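J.: For chain A, the structure is supplied; the task is to place chain B on it using the hints.
These are the residues of each chain, in order.
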Amino acid sequence: MRITTGIGIAWRSMTRNRLRTFFMMAGVTIGICSLTILDSVGENTKREAMKRFKNMIGTFDTVIIRPGAGKTRGMVSLTNVPPTLKFEDAQAIAEEITEVKQVALLQNAFDIDVKYKDRNASPAIFGVSANWLDLRGDELASGYFISVEDTQSLARVAILGSNVVPELFPEGGPLGKTVRIGDVPFQVKGVLQSRGAGPGGGSLDDLILIPVTTASKRLFNRDFLTMLIVQLRDPEKSETAMAKISALLRQRHHIAASALDDFTMTSPRAVMAQVSQMASTLSTILKGIATIAMMIGGAVIMSLMLISVSERRKEIGLRRSVGASRQDILVQFILEAALISSFGGLTGIALGLGGTNVAARIQHLPPIFVLQALEWTAGLSVGLGLVFGIYPAWRATQVDPVKALRA
Amino acid sequence: MIEVARVGKTYKRGDGTPVAALKDISFRIEKGEFLTIRGPSGSGKSSMLNIMGCLDKPTCGTYRLHGEELSGYTDKQLSHVRAWKIGFVFQSFNLMPRTTALENVEIPMIYGPGHVDRKRAIAALERVGLGARAHHYGTELSGGEQQRVAIARALINDPPLILADEPTGNLDSAGGAEVMGILRQLHREGRTVVLVTHDDAVAAYAEREILFKDGALASDRKMAQFPVEAQ
Numbered sequence: 005m006r007i008t009t010g011i012g013i014a015w016r017s018m019t020r021n022r023l024r025t026f027f028m029m030a031g032v033t034i035g036i037c038s039l040t041i042l043d044s045v046g047e048n049t050k051r052e053a054m055k056r057f058k059n060m061i062g063t064f065d066t067v068i069i070r071p072g073a074g075k076t077r078g079m080v081s082l083t084n085v086p087p088t089l090k091f092e093d094a095q096a097i098a099e100e101i102t103e104v105k106q107v108a109l110l111q112n113a114f115d116i117d118v119k120y121k122d123r124n125a126s127p128a129i130f131g132v133s134a135n136w137l138d139l140r141g142d143e144l145a146s147g148y149f150i151s152v153e154d155t156q157s158l159a160r161v162a163i164l165g166s167n168v169v170p171e172l173f174p175e176g177g178p179l180g181k182t183v184r185i186g187d188v189p190f191q192v193k194g195v196l197q198s199r200g201a202g203p204g205g206g207s208l209d210d211l212i213l214i215p216v217t218t219a220s221k222r223l224f225n226r227d228f229l230t231m232l233i234v235q236l237r238d239p240e241k242s243e244t245a246m247a248k249i250s251a252l253l254r255q256r257h258h259i260a261a262s263a264l265d266d267f268t269m270t271s272p273r274a275v276m277a278q279v280s281q282m283a284s285t286l287s288t289i290l291k292g293i294a295t296i297a298m299m300i301g302g303a304v305i306m307s308l309m310l311i312s313v314s315e316r317r318k319e320i321g322l323r324r325s326v327g328a329s330r331q332d333i334l335v336q337f338i339l340e341a342a343l344i345s346s347f348g349g350l351t352g353i354a355l356g357l358g359g360t361n362v363a364a365r366i367q368h369l370p371p372i373f374v375l376q377a378l379e380w381t382a383g384l385s386v387g388l389g390l391v392f393g394i395y396p397a398w399r400a401t402q403v404d405p406v407k408a409l410r411a
Numbered sequence: 009m010i011e012v013a014r015v016g017k018t019y020k021r022g023d024g025t026p027v028a029a030l031k032d033i034s035f036r037i038e039k040g041e042f043l044t045i046r047g048p049s050g051s052g053k054s055s056m057l058n059i060m061g062c063l064d065k066p067t068c069g070t071y072r073l074h075g076e077e078l079s080g081y082t083d084k085q086l087s088h089v090r091a092w093k094i095g096f097v098f099q100s101f102n103l104m105p106r107t108t109a110l111e112n113v114e115i116p117m118i119y120g121p122g123h124v125d126r127k128r129a130i131a132a133l134e135r136v137g138l139g140a141r142a143h144h145y146g147t148e149l150s151g152g153e154q155q156r157v158a159i160a161r162a163l164i165n166d167p168p169l170i171l172a173d174e175p176t177g178n179l180d181s182a183g184g185a186e187v188m189g190i191l192r193q194l195h196r197e198g199r200t201v202v203l204v205t206h207d208d209a210v211a212a213y214a215e216r217e218i219l220f221k222d223g224a225l226a227s228d229r230k231m232a233q234f235p236v237e238a239q
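For the protein sequence lines, the chains are A and B, in the order given.
If you're matching positions, the first sequence starts at 5 in the numbering used here and goes up one per residue.
If you're matching positions, the second sequence starts at 9 in the numbering used here and goes up one per residue.
Isolated chain A, as found in the complex:
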């Protein structure tokens, strides 16, 4: 029997019993469709998680130092800051440790009223050093950033986060205007570009940056810092640098050898690795679920094929009597299963791509189609028919034509 003839027979058999064909296809379609969607959702979630952490952390050749022993891992807490990390610590790290390129400082406060004319806002107020922009990897939308002179002269200048502009200046043109931050007048010097969402989903744009010195002396009246961002000369040597920074801070803070650190250091690389790990786990779980769906699809094929074989005993007997060998019967039934599951698979992929679009829209993310995944999904759907079709096809070869034709 030629393969084209075999496909012809399989096709006729499929069209002859459309309902059965439909349900067999549906089994595969559902499996492949969920695989396609879940695969893409997993990939999308992973990429988005990475992107959000990248948004929050900024550059990757940095180490973040916060006061207080490590209570939270990963996420940076900006509230309830212990008063242990001082301006002098930052200076010491920058000057004494050779691996360190520069140190950015942060002091912050929430719930401070900001006013422009009759408009109000209460963004986070970040007192930062002049190198903040550089280290965070942020960019200005317009104007200029805080300069070294600004920090030295305790200048009252402010850089607005992109969310603050429409709140205070709905008519636009904020540059050069004077806003009152906690009743202290600041001149708007620049506007930041939007940074998008952070890992918690909240906006990272609802803030105002001012010189850290101005914040400390004129606004908050505080001599301790919320966070230091230490940029390293060589990110590969972060282990050594972190050990040295740790030793320096312990010495400066007079911490006994047996006591715990009163600060926490986080390496963005380590955090990213962790996030990536988590996202991969999620991806694997989703793939697992999809695999179960595929198995169910396979079981549907197998059971309907078995029913089909027992219903078609007469046909099998007849074909055998007019010259079909066992092998011909085997090939016929396997081809039929493979053909049905390929069609089911193609439908599944098509629906899956549509579903991916919908899922992406629900996630508010651009849809991601992993081409490589589509390839192996297509292969899988043919394979599904082959694997789950083999046993029913073998059963078909075992039909005794004498008994089948007598009935």
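Everything labelled a hint here was simulated from the structure, so no lab data went into it.
Keep in mind the model is a prediction, meaning the values are calculated, not measured.
Treat the hints with care, since some could be wrong.
[To be verified] Restricting the straight-line Cα-Cα distance to at most 25 Å, the calculated cross-link-like pairs of lysine to any residue (SDA-like) are:
1) 93(B) <-> 199(B)
2) 84(B) <-> 316(A)
3) 407(A) <-> 22(B)
4) 318(A) <-> 121(B)
5) 318(A) <-> 21(B)
6) 221(B) <-> 231(B)
7) 318(A) <-> 108(B)
8) 84(B) <-> 14(A)
9) 84(B) <-> 7(A)
10) 84(B) <-> 317(A)
11) 407(A) <-> 72(B)
12) 318(A) <-> 206(B)
[As the list claims (entries may be wrong)] Have a look at the derived ranges for each label pair, beta carbon to beta carbon:
13) 83(B) <-> 27(A): 29 to 35 Å
14) 40(B) <-> 390(A): 46 to 52 Å
15) 166(B) <-> 293(A): 54 to 60 Å
16) 209(B) <-> 331(A): 41 to 47 Å
In this text, a Cβ means the ideal position worked out from N, Cα and C, and glycines have one as well.
T.: Chain B only, in chain A's frame:
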């Protein structure tokens, strides 16, 4: 043409006890003969036909068709013999459901020549007088017409041997007469026709009758030549 020598067939019942369906059967059939195999139900006549048609293998003894000893043949070799040498006609027609007469006739070409020749299939249907009904489904045809489709199917690969198991058993007398007329025509063309039947009217067409009883050959006799003439 056919040489059956000391053939026995033993089945196992559900409880494992063996049942002898055929015991030590020997006979020869020459090319071009028209014979019936008769006997009460359970006498082994259908078992004999299945062995002759290579659908079943004898438990012991030898079966030769065209001088080929078939007992050692593989499934593939036997299938080849069925495709080219044997045309089956069944009591219950065994047309495929939801399939046209034409498609039914084409099936053996898939396993014989390997490709479907539609013109030949139509010619075969015309031979049995059903050229106009080629695209009708089995359910739209009368019993006699269905059996004629089955005969066209049996003939499509031009086999020298026609094996018919109660071909008129499910037909009325008119349908039966049509079918027998065609079988006699095949015989006159030189084909060997072996027919299993209960029906005396059908048996009257044959030149020779083999009688089975309890799995053994009870008698083998030549008949008077064609007592029933064409209408």
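J.: All hints, please: hold or fail.
T.: Cross-check of the supplied hints:
As the CA atoms of residue 93(B) and residue 199(B) are separated by approximately 11 Å, the hinted pair is consistent with the 25 Å bound. The hinted pair formed by residue 84(B) and residue 316(A) meets the criterion: a straight-line CA distance of about 21 Å does not exceed 25 Å. Of the pairs offered as hints, the one joining residue 407(A) and residue 22(B) holds, with about 15 Å between alpha carbons and a cut-off of 25 Å not exceeded. Of the supplied pair hints, the one linking residue 318(A) and residue 121(B) holds, its CA atoms being roughly 23 Å apart against a limit of 25 Å.
For the given pair, residue 318(A) sits about 22 Å from residue 21(B) by alpha-carbon distance, which is consistent with the 25 Å threshold. With a CA separation close to 19 Å, the supplied pair residue 221(B) and residue 231(B) stays within the 25 Å bound. Between residue 318(A) and residue 108(B) the alpha-carbon distance is near 16 Å, which keeps this suggested pair within the 25 Å criterion. At most 25 Å may separate the alpha-carbon atoms for a hinted pair to count; residue 84(B) and residue 14(A) meet this at roughly 21 Å.
Of the pairs offered as hints, the one joining residue 84(B) and residue 7(A) holds, with about 17 Å between alpha carbons and a cut-off of 25 Å not exceeded. Only pairs whose Cα atoms come within 25 Å are accepted, and residue 84(B) paired with residue 317(A) is accepted, the gap being roughly 19 Å. For the hint pairing residue 407(A) with residue 72(B), the CA-to-CA distance comes to about 23 Å; that is within 25 Å, so the pair holds. Among the hinted pairs, residue 318(A) with residue 206(B) is consistent with the structure: their alpha-carbon atoms are about 24 Å apart, no more than 25 Å.
Range check, residue 83(B) to residue 27(A): Cβ separation about 32 Å, and the 29 to 35 Å hint holds. In this structure the hint that residue 40(B) and residue 390(A) lie 46 to 52 Å apart at CB holds, the actual value being about 48 Å. For the hinted restraint 54 to 60 Å between residue 166(B) and residue 293(A), the CB-CB distance of approximately 58 Å keeps it satisfied. Range check, residue 209(B) to residue 331(A): Cβ separation about 42 Å, and the 41 to 47 Å hint holds.
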